[in-house]
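Asks: Listed here are the chains, written in short residue letters.
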Amino acid sequence: MEPAAAVSSAHPPTPPASVYGLSDVGKTYARNGVEALKGITLSLNKGGFSSVIGSSGCGKSTLLKIMAGLIPPTTGRVVLSGKPVTGPRRDIGMMFQQATLFPWRTTIENVVLPIEIRDGRAAARGAHEKAQALLDLVGLKGFESVYPNELSGGMAQRAAICRMLVTDPTVLLLDEPFSALDELSRDFMNMELQRICMDQNATAFLVTHSIPEAVILSDVVYVLAPRPGRIAEAVEIDLPRPRTLDMITTPEFGALVRRIRDRLDLGDQM
Amino acid sequence: MNDPTSNVSPHQNAGGSTGAGAAVTEVDASTDTVWVEQTSWLDRVPRSVSMLAVFAVFIAFWELLTRSGLVSPIILPTPWETLQDLIFVGKNLIARDYMLGALWITILEVIYGFALAIAIGFSLGVIVGETAFGERAIMPYLVAIDTMPKVAFAPLFVAWLGFDISSKVALAAFIATFPIVVGTAAGLHAADENARMLFKTMGATRWQTLWKMKLPTGLPHLFTGLKIGAVGVMAGAITGEFLGGGKGFGELIRVAASQLNTPRVFSLILYLSLVGLALFAFVVWVQRRFVFWHKDRVVGGEQ
Chain G
1 MEPAAAVSSA HPPTPPASVY GLSDVGKTYA RNGVEALKGI TLSLNKGGFS SVIGSSGCGK
61 STLLKIMAGL IPPTTGRVVL SGKPVTGPRR DIGMMFQQAT LFPWRTTIEN VVLPIEIRDG
121 RAAARGAHEK AQALLDLVGL KGFESVYPNE LSGGMAQRAA ICRMLVTDPT VLLLDEPFSA
181 LDELSRDFMN MELQRICMDQ NATAFLVTHS IPEAVILSDV VYVLAPRPGR IAEAVEIDLP
241 RPRTLDMITT PEFGALVRRI RDRLDLGDQM
Chain P
1 MNDPTSNVSP HQNAGGSTGA GAAVTEVDAS TDTVWVEQTS WLDRVPRSVS MLAVFAVFIA
61 FWELLTRSGL VSPIILPTPW ETLQDLIFVG KNLIARDYML GALWITILEV IYGFALAIAI
121 GFSLGVIVGE TAFGERAIMP YLVAIDTMPK VAFAPLFVAW LGFDISSKVA LAAFIATFPI
181 VVGTAAGLHA ADENARMLFK TMGATRWQTL WKMKLPTGLP HLFTGLKIGA VGVMAGAITG
241 EFLGGGKGFG ELIRVAASQL NTPRVFSLIL YLSLVGLALF AFVVWVQRRF VFWHKDRVVG
301 GEQ
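Sequences listed follow chains G and P, in order. To convert, note that position 182 of the first sequence is 182 in the numbering used here; the numbers rise steadily by one, no gaps. To convert, note that position 243 of the second sequence is 243 in the numbering used here; the numbers rise steadily by one, no gaps.
Some hints here could point you the wrong way.
Just the calculated beta-carbon pair ranges, DEER-fashion [unchecked claim]: (1) P:T39 to G:I71: 53 to 61 Å; (2) P:R288 to G:R125: 43 to 51 Å; (3) P:L42 to G:L245: 32 to 40 Å; (4) P:N92 to G:V146: 29 to 37 Å; (5) G:G120 to P:I94: 31 to 39 Å; (6) G:D136 to P:L277: 44 to 52 Å; (7) P:R196 to G:N45: 26 to 34 Å; (8) G:G120 to P:P155: 36 to 44 Å; (9) G:R125 to P:P155: 51 to 59 Å; (10) G:R31 to P:R288: 39 to 47 Å; (11) G:S179 to P:W207: 51 to 59 Å; (12) G:R31 to P:P46: 57 to 65 Å; (13) G:V146 to P:W285: 20 to 28 Å.
Restricting the straight-line Cα-Cα distance to at most 25 Å, the calculated cross-link-like pairs of lysine-lysine (BS3-like) are [said to hold, decoys possible]: (14) G:K141 to G:K130; (15) P:K212 to P:K150; (16) P:K91 to P:K247; (17) P:K227 to P:K150; (18) P:K227 to P:K212; (19) G:K83 to G:K141; (20) P:K200 to G:K83; (21) P:K212 to G:K130; (22) G:K130 to P:K91.
Partial selection, computed: residues in chain G whose CB lies under 7 Å from chain P [to be verified]: (23) Q98; (24) T100; (25) F143; (26) L151; (27) S152; (28) G153.
Since the hints were derived computationally from the structure, they do not count as laboratory data. Note that the Cβ used here is the ideal one computed from N, Cα and C, for glycine as well.
Taking the hints into account, I'd like the entire structure generated from these sequences.
Replies: Here you go:
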């Protein structure tokens with residue numbers, strides 16, 4: 001296990017700098033005129049963990065796709081590290097609900113795939129050492145030359161985490177990364193995710209529809225109200241880090257969950 | 001209550017044969033309630049035995065039919081006559097006599113035809129499966145041609161390419177191309193939304209997405225097309241020989257049939273089916289090598 005000492009250094013005393021900023025971002029689909037997002041303004045701080053939560057169809061995925069540079073917004077500014085996001089970028093790492101490992105590649109070949117795509121085969125071979133270090137970090141030591149068929153769902157998602165981290169992205173975009181796993185693996189993987197993010201001092205943005213998951217992982221939870229998707233409230237989570245699963249039973253945790261749930265219910269009526 | 005599969009007293013009946021109508025007996029608490037799932041005895045017969053049995057029944061039926069006098073021996077030879085002719089043709093082939101030459105011509109037609117079908121079918125499949133233009137503008141024509149009875153084109157191919165093997169190759173390739181087009185195009189559509197998004201976020205070019213993701217993902221579909229094509233190419237080559245002459249095995253069959261030498265027709269067909277089987281087995285072998293991650297049940301063979 002990683003030493004807890006790395007944790008305190010993740011929060012320097014000076015206010016953390018914003019690395020990813022969205023201001024007044026909106027998206028209207030030209031096809032059917034549906035306004036999916038409206039006036040989204042948020043900022044991701046260096047080393048911070050933010051979540052967006054909302055019911056199905058509230059525009060979460062649209063927001064994430066805009067942030068990933070997969071689709072353009074119709075209004076507003078999207079700026080990462082001072083440069084506008086106008087397409088997929090190598091400093092954006094992304095992870096999906098499904099691990100999406102390719103069965104004809106071994107685990108380590110899957111992990112170096114982003115390097116192979118961007119820099120070619122030679123660079124990918126050169127990155128094997130780094131990929132190995134990442135696999136060790138997520139607890140997949142010894143599985144590097146195994147084909148994904150032999151990995152369990154949780155292990156596959158760990159490999160997907162490595163694939164996301166291998167290009168040293170500035171920001172991690174997580175699209176319900178563990179929602180396809182069973183409840184027990186999911187709790188465990190969330191704790192692993194926290195450990196890995198702290199270890200890498202990663203800036204992460206999680207999309208989820210699980211309130212406890214959002215609360216236990218995040219510094220800020222953005223509650224999204226639907227039709228059009230807009231931020232109803234940004235809830236600061238001031239629970240101490242590192243978070244543990246035991247915290248779920250504390251009254252503070254319960255209060256935060258209730259506050260977000262009330263906010264979500266309200267959002268539906270607005 | 002008289003259902004033979006209903007519970008029978010477990011400790012008496014571990015062997016699996018159910019006593020029909022056995023009443024449920026009281027079991028004391030210390031006994032294990034182990035029981036055996038019933039499978040039909042027919043399903044428990046080993047594969048080789050059951051295959052042999054079916055073969056024997058078939059031969060016996062055939063023999064009976066010829067002995068009964070219901071069918072003229074000119075139309076249907078006896079199994080024994082057929083076996084003798086099988087041996088005759090086999091000897092001729094081993095002796096490298098004229099039949100081997102004919103067989104070789106047919107094999108060449110099949111190989112060239114299949115290679116041509118793969119080249120054209122794969123290229124068209126990529127165009128149709130990868131580009132919106134291909135799907136919109138080319139696919140309708142392919143479907144239209146595919147619905148035509150392709151054998152009817154044989155006289156045209158003979159007129160264009162002559163009585164040489166090229167007209168047979170053309171017909172064989174023509175028949176085998178379409179399943180390969182469909183298999184390739186379907187394969188390119190097989191990649192799921194997540195994989196596409198992933199490649200987009202990695203900034204992959206269209207070529208990279210095609211080559212590193214869509215094609216490998218679609219290989220199982222592509223091989224399904226190849227297997228259907230392998231069957232079609234054989235039919236195409238023989239039909240071509242029937243309708244366009246030449247010196248292949250199809251011609252031997254045609255001549256034997258015109259002489260009412262039915263044992264010969266039977267044995268020639270059997271040898272021809274070995275060629276077809278070999279081609280099919282070759283495709284399956286290549287598939288196992290290349291698509292090692294995808295375990296599918298192959299018709300006519302187990303893992």
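Asks: For every hint, state whether the structure bears it out.
Replies: Here is what the structure says about each hint:
1. P:T39 to G:I71: 53 to 61 Å: holds, 55 Å
2. P:R288 to G:R125: 43 to 51 Å: violated, 28 Å
3. P:L42 to G:L245: 32 to 40 Å: violated, 54 Å
4. P:N92 to G:V146: 29 to 37 Å: violated, 53 Å
5. G:G120 to P:I94: 31 to 39 Å: violated, 54 Å
6. G:D136 to P:L277: 44 to 52 Å: holds, 50 Å
7. P:R196 to G:N45: 26 to 34 Å: holds, 31 Å
8. G:G120 to P:P155: 36 to 44 Å: violated, 53 Å
9. G:R125 to P:P155: 51 to 59 Å: Given range 51 to 59 Å: holds, Cβ gap about 57 Å.
10. G:R31 to P:R288: 39 to 47 Å: Check passed, 44 Å falls within 39 to 47 Å.
11. G:S179 to P:W207: 51 to 59 Å: Violated: the Cβ-Cβ distance is about 33 Å, outside 51 to 59 Å.
12. G:R31 to P:P46: 57 to 65 Å: With a Cβ separation near 60 Å, G:R31 and P:P46 satisfy 57 to 65 Å, so the hint holds.
13. G:V146 to P:W285: 20 to 28 Å: Since G:V146 and P:W285 have Cβ atoms about 25 Å apart, the given range 20 to 28 Å holds.
14. G:K141 to G:K130: holds, 13 Å
15. P:K212 to P:K150: violated, 35 Å
16. P:K91 to P:K247: Given pair P:K91, P:K247 holds - Cα atoms ~19 Å apart, limit 25 Å.
17. P:K227 to P:K150: Holds, at roughly 18 Å.
18. P:K227 to P:K212: holds, 23 Å
19. G:K83 to G:K141: violated, 37 Å
20. P:K200 to G:K83: Roughly 19 Å between the alpha carbons, so the hint for P:K200 and G:K83 holds.
21. P:K212 to G:K130: Between P:K212 and G:K130 the Cα gap is close to 22 Å, so the pair holds against 25 Å.
22. G:K130 to P:K91: Violated: G:K130 and P:K91 sit about 64 Å apart, past 25 Å.
23. Q98: holds, 5 Å
24. T100: holds, 4 Å
25. F143: At about 16 Å, which exceeds the 7 Å cut-off, the nearest Cβ of chain P leaves the hint on G:F143 violated.
26. L151: violated, 12 Å
27. S152: Constraint on G:S152 not satisfied, violated at 16 Å.
28. G153: With a closest approach of 14 Å, the G:G153 hint is violated.
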